[in-house]
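Chemist: Generate coordinates for the entire structure from the input sequences, incorporating the hints supplied.
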Amino acid sequence: MAQTKTASLTKGAGFKKQEDLTLLNEVSSATAGVSHLEMCIQCGTCGGSCPSAADMDHTPRALFAMLRAGMRDEVLHSNTPWMCVSCYHCVVRCPQEVHIADVMYTLKSMAIKAHQYKDNTAPDFSQTFVDNIEAFGRSYELGLAGRFYLQHQPLRLPGMAGMGWGMLSSRRMNILPSRIEQIDQLKAILTKAKTLELTS
Amino acid sequence: MIENHKPKIGVYVCHCGSNIAGTVNVDDVRKWAQEKLGPEGVVIARDYKFMCSSLGQELIEKDIKELGLERVVVAACSPHLHEKTFRTAAEKAGLNPYLTELVSIREQVSWVHTDKAIATEKAKSLVSGTVQRIAYNTPLEKQKVPINANTLVVGGGIAGIQAALEIANAGFHVYLVEREPSIGGHMAQFDKTFPTLDCSACILTPRMVEAGTHPNITLMTWSEVTNVSGFVGNFDVRILKKARYVNEDVCTGCGICTEKCPKKVIDTHYEAGLGYRKVVYTPFAQAVPRFPVIDRPNCTFFQKGTCKACEKFCPTNAIDFKQEDEFINITVGNIILATGYDLFDAGRVTNYGYGRLPNVFSSIEFERLSNSAGPTGGEITLRDGKTKPETVGIIHCVGSRDKNFNNYCSSICCMQSLKFAHIVRERTGADVYEFYIDMRTPMKAYDEFYQRVLDEGTLFVRGKVAEVTNAARYPHEKGKLIIHVEDTLVGKQRRIPVDMVILSNGMEPRHDAKQTGQTFGISCSSDGWYIERHPKLDPVSTMTEGIYIAGCATGPKDIPASVAQGAAAAARVLDKILQKEVEMEPIRASVIEENCSGCRICNSMCPFNAIAFIGDLKVSRVNPALCQGCGTCVAACPAGAITGTGFSNEQIFAQIDGLLMTV
Amino acid sequence: MTAKPKFAMYWAASCGGCEIAVLNTHEKILDVDANFEVVFWPVAMDAKYKDVEAMEDGSILLTLWNGGIRNNENAEMAHLLRRKSQILVAFGSCACEGCIPGLANLSPLNEIFETAYHTVSTENPQNIHPQVSYPAPEGTLTLPTMNPVLKTLAQVVDVDYFMPGCPPESHQIAAVIDLVIQVVQGKAELPPKGSVIGCGDSTVCDECPRTRNVKAITAFKRIQDVAPLDPELCVLEQGVPCNGPATRSGCNARCPRAGAQCIGCYGPADDVIDYGARLITAFASVVDAREPAEIEAILDGIPDPTGQFYRFNLADSLLRAGKGAAMSRPNAITSGGKP
Amino acid sequence: MTDTFEPVIVGFTCNWCSYRAADAAGTARVKYAPNVRLIRLMCSGRLDPAFVLKALAGGADGVLISGCHPGDCHYIEQNYKALRRFLLLRRTLKGFGVEPERVKLVWASAAEGVRLAHEINAFVEEIRKLGPLNWPKWDNQSGRDLPADIEPQPIEEVPA
Amino acid sequence: MNKYIYYPGCSMEGSARAYAESLSQVAKILDMELATVRDWNCCGATEYLSINLIPAYSLIARNLAIAAGQVNGTNELMAPCSACYLNLEKADYYMAERPALGEKVNEALAAGGLHYKPGSLQIRHLVDVLVNDIGLDVIKSKVVRPLTGLRIAPYLGCMVPRPDYQHRWSDHEYPLELDDLMHVLGAEVIDFPLKTDCCGGHMSQIAPETAYELIRRLVSEADEYQADLMVTVCPMCQMNLDAYQGEANRFFGTKYQMPIVFFTQLMALAFGIDAKSAGFGLELVSAKKALARIGVEAPAPEPASPRRKPDGLPMPPHRRKKYASGREASDEKIAVAE
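Chains as they are written, first to last, in my numbering: chain G, 1 to 200; chain W, 1 to 663; chain S, 1 to 339; chain B, 1 to 160; chain A, 1 to 338.
By construction, these hints were calculated from the structure, which means they are not laboratory data.
Each residue gets a CB set at the ideal place from its N, CA and C atoms; glycine is no exception.
Possibly wrong hints are sitting among the right ones.
[Unchecked claim] Label pairs and their computed distance ranges (CB to CB):
(1) A/T36 - W/P297: 49 to 59 Å
(2) W/P297 - A/K322: 15 to 25 Å
(3) G/D119 - A/T36: 44 to 54 Å
[Said to hold, decoys possible] Just so you have them, the derived chain S footprint on chain W, three or more residues with Cβ under 8 Å:
(4) 440-451
(5) 586-596
[To be verified] Short, incomplete list of chain G residues facing chain W, as computed with Cβ under 8 Å:
(6) C50
(7) A53
(8) H58
(9) P95
(10) E97
(11) N120
(12) M163
Modeler: This is the structure:
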C-alpha cells in the first residue's frame, strides 16, 4: 500500500492532477438500486461491522472518503471490495442506507475493466465461475475447483484432497456438469446484456 | 356579475432585490400584464425593488387613491408571508382588504426554477390567474369573537410548569393537566443537569411546589384531555380524571398507605424499570401533588377482593376503592401543549443487545443508577447490583441520526453522554470510552464541559459503534462486553472490551403524539414532532389559532430551551388574552336557500357541526359562527346552492382560465 | 284583428318524444292553434324548407326546437330558424344538453358507423355503408354529413330560452304556452334572455316527498337489487344512485314518486357549469369509508360512472365528448366501409 | 421551444399543508419542474371535480391535487372527502377515455417541501409520458379548434 | 396444500444434496407442493455481480421471468439457498427501485423472448415459509421423535435476514425464527450470539485465511456453548463450516469437531424419517455422535445458559419482535415423548 501511494505521488496523481470529482457519481450511478453513496457521513459503522476488515487495506468508510476525494487509482487498487463477504451487516446498520455491498460489486467490476486489481485470485475465481455459468447455465463445482486451484492455489490441493474426495465420494460434487436445456436462450440474453450499461 | 363593468385592477410586481428579479424578468411580466391583461381590467402595472417596503406600499396606496383602483394584485412572495402587509396597506387607502391578493412568484417561481424564460412565463400565468380571479373577489368584513381568559396547559414537565407559572403570575387562570400522578416530567428522573451539574431535583422541585400551590393554577394530575372542540377564544375541553382511589380532599400525603402496602412491582416508569415501587404509590418523594395513586391492575384488592391494607392503616380514611373515572368539562381561550417526548427504545437497535445483554444500560437507566434516590442509592454498578465497572463504554446517537430509526439529531445526547462520562469517572474511577460520530456542543458553556471531560481522561473514539457482543474472540475478552467499532480517525477496526455499556438513546415524539395532535387539531411533521407555525419566527405557535406548543413536543431540546419555550408560549397566550377579542377570517360558507332542495348531502360534510337541517323549510343552513371556511360543503352541494366567500366557484374558475390563458 | 303570431316547431337529433309531450298537453294544444299561426312543424303538417327560407327574417315569433345538432342538415336548419325566429327555445333535453344522442360523443364517428352497420346486431348482408352522395341513374343522391360530435343547440346558434326535460313535462309546456300567450296579449313580460323556463329553481329533492336524513352510504346498488325499496325513504339513502339532488326541479319528482331513482333528465340547476361534476362530488362525499380500498369497493357499485353522471348532459358538459370523439377528424366517417 | 413535450399542469393545494409545503420547497430552494401552476384553496375538501374538468378542458394536460396527510387535515377530516371525490372522478374520466393518471392526489405536510417537489417532478414525467391531452377548445377562442363540422366532400366509392 | 414455485439452485444438486433430500421429505409431510422453475439457471452467486452488472441481473431475471410465467395459484417463489434467495429478491427489488436497471434487464431478456415485471413474484426463503406460512404449531404437530437432549446452535447466516428488502424477518441482527423452529422440534436451543454472522462466503476460495478465521469464530463459539451440532439454512454456510472445518483446524492448530447439518435434516428426523433418508452421512464432520444422543434414554435437558440470578437490578424487557406473519412463537415447551 505504502508503495502504491508513493508511486502515485511521484507520478503526481495526488496533488498535481485536478481532483477527479466525477468518480463518486460514476460509482453511484453504476450501482444497482439507488446507492445513496453520496449520503455517507463517515461514521464508520461499516468498518466496525465488517467481519473481514482486518484483512482490508482500507475500511469501507475510508474507501468512500477516497471516492469523494477522487482517488481513482488508489480505490481501484484497493483489496477492500475483494475482501467483502457480502454479509450485509454494514448495509442494514448503515444509518444513511448506503447500499455498501452493491457499491463493492461496482468497484470490483470497475477494477476488472480497468485491470487495476492488485491480486488476480478473486477476479479469476469470479471469472471462472461465470465462464461455467455461461457455458452450462449452472455452476460446475468440480470444474471450478480444478481450474481455479491448479492456477492459483496449487499448494492447497494436497491438503484439500481428503475433503475433495469426501465431497466426490458422497456425491456432493458431481463429476460432470449439469446443463440447462435452453442454453442458447441464456446465451442470447447474456450477449445482449453485455452490450448494456447502467449509467443514468 | 361583471358583464358591464370590469373592476380596475392594479398589478405590482416585486423584484425582492434579486430574489425574484434574478430568475424572473420582472420588467417583462409587468409589460405583459399591462398589455395583455388590459382587457381583463388591468389599468396599471408597476414593478418595484421591494414592494413590501414602505415606499412600495405607498406606491399602491397612491394608485388606489389616484387611479381609483378597485382591486390590487401583488406578485411577490408567499401570501403566508406578506398578504397581511399588502391588505393592510390597501385598507389604509380605503380598499377592502379582501380585494387585494398576493401571487407567489418567489417561493413558487424564482426560488424553485432556474431557466429565466420559463420562470418568466410561469410568473405571467400565475399573475394572469389571480387577475382573472380577483375580478370576482368581494369585500368581506372580519368577525370578532371574545376570548375566554382561562388557559389550558397540557403536560406538567418543566416546559408546561414554566408556561403555567408565567400565565398564573400574570393574574390569569390556568388548568395544568398531567397524565402521570405527579408533575415534574423527565427532569424529575435525572440526577444532574449538564453542563453545570446542578442537582436536577434541587432546581425543579421548587417550581413544582409553586405550580402545585398557586392560587391561579388548577392542577389536574392523573388526567388526560380526551376531546377539544371550538376555536380560538372558546375551546370546550373534556378532561378524563382517572380514579386515584384516594380521596384528595382528606389525604394528607403521609405515606403510611405506601409503607403498609404489601406488594411491590417493577417501576417501569419513574425508575425506568430498574427499581421497584409499591402498588399504592407516589412516583417519587417530592411528587406534586403529594396524593398517592393505586395502580389498579396490580392491586391485590382489585385482583382478588382482599387485602385493603392501605385502607386499614390510612389515618384519614382517604382510600376509596369505589372511586370512578370522571369527566370534567372546561372552557378556555387558549391551549399550550407541552407534552414532551418519549425516550427512544434502545432495544430496537438489536446489535447493541439492550434487553439481551444485562450490562447494556439505557440513558435513563443510568440516570436512575447514578441518582442518590435511585435503586442503588447512587452506586454505579453492573446489573448484578454489586460489581463496580472498571471499563465503561458510552455510545452516542442510539436511534438518532440513523435512517433505520430516527433521521434527526436528538441534540442532547452528546452533552448527556459527557455528563455520564464525568459521573462514571468521578464515582468509580473506571476507564470511560465515548463513541461518537460528531461532537455537538454548541450552547453556552457546553464545549467547555467537553474539554473538562477530555481533561478528566475520557477516551474518545470517533466511530459509530457497529455491535456490542458477548461473543469473546480472544481470552482477554471473556466475560466482557465487546464493542465493535471502526476508529475512523485511525482507519482501523477495533474491539474494545468493557464491563458496562451505556446507550445514549435519543428522543422520540410521544407514541401517541399523532392522536393528541388530532385531538387538538394540529399536525406532526414526518418525524412525528408537532409543526410550528414558522420554524424560526413563530416557533411556539401552530397553524391552529389559539393552540401553542412548547418544549420537546416540537423536537428534541435541552432544559434551558424548553423553559424558554414555555415562557414564550405563555407570552403569546397573554398577548391574546389581553386583546380580549380575536378577529376571525371571514372565509365562510352560506346556503342560498331558494336553491337548496334539502337533500342533506352537505349535512355530513361539516366536522364542526356548522350545518343544520331546518326540517320545516326543508333547507340546510350554515351557522357562520361555527363555520371554519374549509369549503368542503361548497364543493359537495349537488345543486350548487352553497357558496363560499373568498374561494367562490366563480373565483376559482376564473383563476383556472387565467392560469391557462398563456397555453 | 291583426294576424296571429307565427309558431314553428322543429326536430333535429331527437326521438320525437318532445313532440308527443306537446300533444300531451291535450286541449291546451287548441290554445296554440287559437293564438298562433303554425307555419312550420314537420311532424304535424307538411312544409318545405324552401317555404321557410322564403319567409322574412324574424317573422316567426316562437320556434320550439328539439333535438341536438348531429349533422350538417341540423346545423343548417338551426341557422335558418334562428334567422327567421324572434324567440328560439331549446326545447327538451336534446336541444338543451344533448341528451341520449349526446352519449354518442363518447365514441368517434367511425366506431359509431362500424357499430351501426357492421356488427352482429345489424343484418347487413350486402355490407352497405352509407355515403353522403351516390350517383344513381336518376341523378346524384345525397345524405346529410355527420358531424364528429353532437352539439347542443346553443353551441351552434344563439338561443333565447331553455326548456329542459326528456321530455319536458306537459304541465310545464302548458304553463309556458300560457305565459307566451299572455306576453302576446301584453299581460306578462318575458323572462330575461337565456333563462331556463318551464322548471323549478331548485333540484328534484325539493319536490320529492321522501324523508331524508344525514347520508352515509356504505354500498351503491342497482335498483332491482334493492327489494323492496322503502317507499318513504330517500332513494339515495337506500344505496341507489339517484340523480335527484343535482337535477333541476320541475318534474314534480316524477320518478322518485313512482319508486324509481331520478336519472337526471332535467339537467343541472342554475349556475352549475358541469352537471356530472355535481353528482361525482355529491355521491363521493357521502361514501362512508376512509381507506382507499374500501372507498373503491363502494364505488364499484357505480359500474358506469360516466353514463350515470352524464346520461343527459354529456354534450353540454365541460369535456363535451370522450377523448376518441374529441380528437377525431372529419374523414373518420369513411373509414367504416369494407369491400 | 424544445423537442420534449412540456406538459401544462394545474395544481390545487390546501392552505395549511400542501401550499406551505410549496412555500417550504421555495424557502429551501428545492428545484422542481416548472410545469405546475398552483391554485390555493383553503382545504383539499374544497376541490370541486368541476375544477379539474375545467382545467383539463381549458388546456391542462394534468391536474395535481394536494392536501394534508390523512388524519392531519386542518379541518379534521376533509381530505378524506377529497380522496373520495378524487377516486370517483378518476373513474369518470376513464369513461371519457381520458387517462385517469392525468389526475393525481398527493398528500404533503407543511414540512414536506422536498417531497412535494419530488412528487411534482414525478408527475410531470408521468404526464410527459402520456403526451399532450390536447383537448379541443370547443368555443373556438384559441388553441386547437374543435373538430370542424363537416362540409360535404368527395367520398370514395364503396360498392354496395 | 401450500403451493410454491421452487428455485432449487445449483448446490441442491451437488454439495447440498442432504438439504435437497431432507427438504423433499419435510415438504411431503407438511403437505407443501413445490413446482420447480422450469429450466432454471444458476443465480450467479456472488460472483457474476462483480464482473458485469447487467448480465448478472439478466442471469437472475431469466429465472424470475420463467417463474412469473409459471404463476398458477401462487406467486410465491421459494428458494432454500440463502445466496439464491438474496439474488432473486435483490433483482426483483432493484429492478423496481431503479427503473433504469429494470429497463436494461428487460432489454436483455427480450433477446431471449422473456420479460419480467418487478413485483410480480413474492420471493421467500424456506425458513420464512415454514415459520410464517406453515406455522410452528403445524410443524410441532408433526413431531413424532422430539430431539430432546440435542444441544443445537442455530445458525442463520447473513443473506437470509439481511438486507431483507421486504421486511420478512423479525430482525436483521438477532432473528429468532430458526431458534423457535428448532425449539418446537424438542431440541435444546442455545442462545447462539453469532447466529447471523458470516461463514466466510467465497473467501474460502479466494482468501482462505480470512475464511478460516470466520469459520473458527463460529465453530469455537458453538463449541464454547457445548453445542452438539450446528444447523444451517444455506448450502454455502454448510459447505464452508463443514468442508473447511478441517483446514481451519489445521491452520489454527485446533481440534474442533462440530457437525454442521441442514435444519431440514433435523426436521425430517423429528418427523420420524430415518437418518439416511434425512441426508445424514453426507456431512464431512460426522454427526453420528450427536445423533446418538437422541432418544428416550437421552439425558434430561439442561438449560442452554445458566439462569440469571434473581437478585441485582431487573433487566429491561427483551421485547421480541413479531414475525412477518404477525404470529408469535409459542413459548410452551414441547412435550417429552413418553
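Chemist: Flag every earlier hint the structure violates by its number, smallest first.
Modeler: 3, 4, 11 and 12
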